[in-house]
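A.B. asks: The residues making up each chain are set out below.
There are 2 protein chains.
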Amino acid sequence: MAGSDPFSLESIRNSLIRQEDTIIFSLIERAKYPLNPQLYDSRCSIFPGIAGSLLENFVKETEAIQAKFGRYQSPEENPFFPDNLPDSLVPPQSHPQVLHPGAASININKTIWDIYINKLLPLFASEGHDENYMCISACDLECLQALSRRIHYGKFVAEVKFKDAPEEYSPAIHAKDRDALMKLLTFESVEEMVKKRVEKKAKVFGQEVTLNNDDCNGKFKIDPSVLPRLYGEWVMPLTKHVEVEYLLRRLD
Amino acid sequence: MAGSDPFSLESIRNSLIRQEDTIIFSLIERAKYPLNPQLYDSRCSIFPGIAGSLLENFVKETEAIQAKFGRYQSPEENPFFPDNLPDSLVPPQSHPQVLHPGAASININKTIWDIYINKLLPLFASEGHDENYMCISACDLECLQALSRRIHYGKFVAEVKFKDAPEEYSPAIHAKDRDALMKLLTFESVEEMVKKRVEKKAKVFGQEVTLNNDDCNGKFKIDPSVLPRLYGEWVMPLTKHVEVEYLLRRLD
Chain D
1 MAGSDPFSLE SIRNSLIRQE DTIIFSLIER AKYPLNPQLY DSRCSIFPGI
51 AGSLLENFVK ETEAIQAKFG RYQSPEENPF FPDNLPDSLV PPQSHPQVLH
101 PGAASININK TIWDIYINKL LPLFASEGHD ENYMCISACD LECLQALSRR
151 IHYGKFVAEV KFKDAPEEYS PAIHAKDRDA LMKLLTFESV EEMVKKRVEK
201 KAKVFGQEVT LNNDDCNGKF KIDPSVLPRL YGEWVMPLTK HVEVEYLLRR
251 LD
Chain R
1 MAGSDPFSLE SIRNSLIRQE DTIIFSLIER AKYPLNPQLY DSRCSIFPGI
51 AGSLLENFVK ETEAIQAKFG RYQSPEENPF FPDNLPDSLV PPQSHPQVLH
101 PGAASININK TIWDIYINKL LPLFASEGHD ENYMCISACD LECLQALSRR
151 IHYGKFVAEV KFKDAPEEYS PAIHAKDRDA LMKLLTFESV EEMVKKRVEK
201 KAKVFGQEVT LNNDDCNGKF KIDPSVLPRL YGEWVMPLTK HVEVEYLLRR
251 LD
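Chains as they are written, first to last, in full-length UniProt numbering: chain D, 1 to 252; chain R, 1 to 252.
Because the hints were derived from the structure by calculation, they are not lab data.
From a predicted model like this one, the values you see are computed outputs, not experimental measurements.
One or more hints might be untrue.
[Said to hold, decoys possible] Using C-beta positions, here's what the derived DEER-type ranges look like:
#1 R:Lys119 / D:Pro48: 52 to 58 Å
#2 R:Leu89 / D:Leu85: 17 to 23 Å
#3 D:Pro166 / R:Asn84: 38 to 44 Å
#4 D:Cys44 / R:Glu233: 15 to 21 Å
#5 D:Pro75 / R:Glu233: 36 to 42 Å
#6 D:Pro166 / R:Arg13: 43 to 49 Å
#7 R:Thr186 / D:Glu188: 28 to 34 Å
#8 D:Leu85 / R:Ala51: 18 to 24 Å
#9 R:Leu89 / D:Asp177: 47 to 53 Å
#10 R:Cys44 / D:Asp252: 46 to 52 Å
#11 D:Arg18 / R:Cys44: 26 to 32 Å
#12 D:His129 / R:Asp130: 36 to 42 Å
[What the hints assert, rightly or not] Pairs of lysine-lysine residues, derived as DSBU-like cross-links and limited to a Cα-Cα distance of at most 35 Å, are as follows:
#13 R:Lys176 / D:Lys32
#14 R:Lys60 / D:Lys196
#15 D:Lys203 / R:Lys163
#16 R:Lys60 / D:Lys195
#17 R:Lys32 / D:Lys161
#18 R:Lys110 / D:Lys221
#19 R:Lys32 / D:Lys195
#20 R:Lys240 / D:Lys219
#21 R:Lys60 / D:Lys219
#22 R:Lys195 / D:Lys119
#23 D:Lys161 / R:Lys60
#24 D:Lys60 / R:Lys200
#25 D:Lys68 / R:Lys221
#26 D:Lys221 / R:Lys176
#27 D:Lys219 / R:Lys176
#28 R:Lys60 / D:Lys200
#29 D:Lys60 / R:Lys163
#30 D:Lys221 / R:Lys161
#31 R:Lys119 / D:Lys60
#32 D:Lys200 / R:Lys32
#33 D:Lys60 / R:Lys240
#34 R:Lys119 / D:Lys196
Idealized CB from N, CA, C, for every residue including glycine.
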């Protein structure tokens with residue numbers, strides 16, 4: 001893709017497809033460990049002196065460091081705990097100004113956090129706890145950041161779609177008609193294809209690779225059927241939600 | 001493996017095999033970005049007010065947080081910057097005391113850091129820079145921690161091998177004969193098999209999965225031949241180095 005416009009519809013589609021791999025890798029890594037519900041429980045007494053859940057504290061502190069090193073200068077990145085983040089020590093990078101400034105006010109990470117902890121994790125993490133709190137928190141952060149990046153990429157998707165056909169979107173934007181915008185952004189056959197692809201990827205990346213056999217006896221590191229559910233119930237609807245929010249601000 | 005002894009030779013072998021996947025996933029993620037040599041240059045003037053390279057600073061600060069959340073209570077984890085790490089806020093976990101106490105003094109992360117930055121990265125990261133410093137630093141940390149965990153796992157390998165046949169290792173330990181120990185720990189046919197397996201894994205996990213075709217046209221996200229080199233030249237020799245160091249302390 002060297003030399004091509006990184007914000008063409010094709011480049012953006014390629015990025016979304018590549019981000020599927022990142023999401024699946026991170027879920028496979030998290031699936032190594034059991035659920036460890038204490039990690040997510042803000043009333044958990046095994047972490048004395050820590051208010052809020054252990055994961056919450058870990059993510060807050062890690063995001064503060066990542067902010068210092070410039071993570072949130074990128075319009076592709078959205079923090080889970082945006083309040084009181086320190087300034088970046090790294091001078092502003094030359095991110096091309098692609099998005100409408102209204103994009104900065106769209107952050108649905110609270111919803112993503114809630115879905116990840118309460119709906120997605122119980123689908124694939126085995127019950128129980130092994131006290132590997134730190135390794136699991138690091139895996140959770142990877143998963144959360146990968147999902148957040150993918151879903152908020154809807155801002156770029158919406159910008160490219162709008163630029164390609166402003167006349168198609170402008171009436172619904174002016175009318176603040178969310179339903180009409182959602183309809184314009186929904187392509188069921190594409191969504192079905194994405195769901196099939198992520199399931200196939202989970203099978204390929206989650207197989208146990210050995211030198212002897214080329215089939216994996218149906219054993220996968222993460223149940224492949226979790227992926228089409230994740231995409232069908234949450235990733236794609238939330239991406240479109242971000243797209244709608246972006247379009248509603250696009251003509252401000 | 002539920003219920004089985006996590007420190008049997010078989011469990012340890014299974015862990016080493018599973019860690020191959022983690023290492024390959026993390027390298028594939030790093031390969032998304034070009035090299036960005038500024039990130040590793042301690043004299044780089046684009047980060048005013050920061051002494052040391054950006055990656056060094058990022059890893060130091062992240063390790064400090066991870067220490068607070070208990071990472072280095074686990075005998076499987078070794079910090080890259082062990083000086084002045086804060087105490088853990090999390091109460092001591094019930095890690096079984098498997099290793100000889102001498103294990104704690106073995107930390108070859110300086111060597112691993114040097115090899116990763118100066119030898120491994122140039123083998124697979126494309127030239128150039130894209131200023132994605134923070135995302136790359138996070139990928140580098142994943143790679144470094146995965147390699148460090150794998151290589152220092154040699155402590156557990158050595159312990160199990162010693163316990164299985166103390167009479168085989170004790171004379172060389174008493175004689176402080178590193179060469180003899182290295183010979184006892186080297187199984188060339190096994191090493192060849194590992195190299196073949198990690199190359200195959202890189203092909204499987206690094207392919208572009210699409211719904212239409214099941215071959216990947218020879219396009220991989222990371223050159224699969226990097227993996228047998230990584231394992232043959234660095235991972236396996238360094239693991240054996242850790243094993244020798246551990247055995248030399250085993251009878252103290």
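A.B. asks: Does the structure break any of the earlier hints, and which numbers would those be?
C.D. replies: Hints 1, 3, 4, 6, 7, 10, 13, 14, 15, 16, 21, 22, 23, 24, 26, 27, 28, 29, 33, 34 are the ones this structure does not satisfy, whereas the remaining hints hold.
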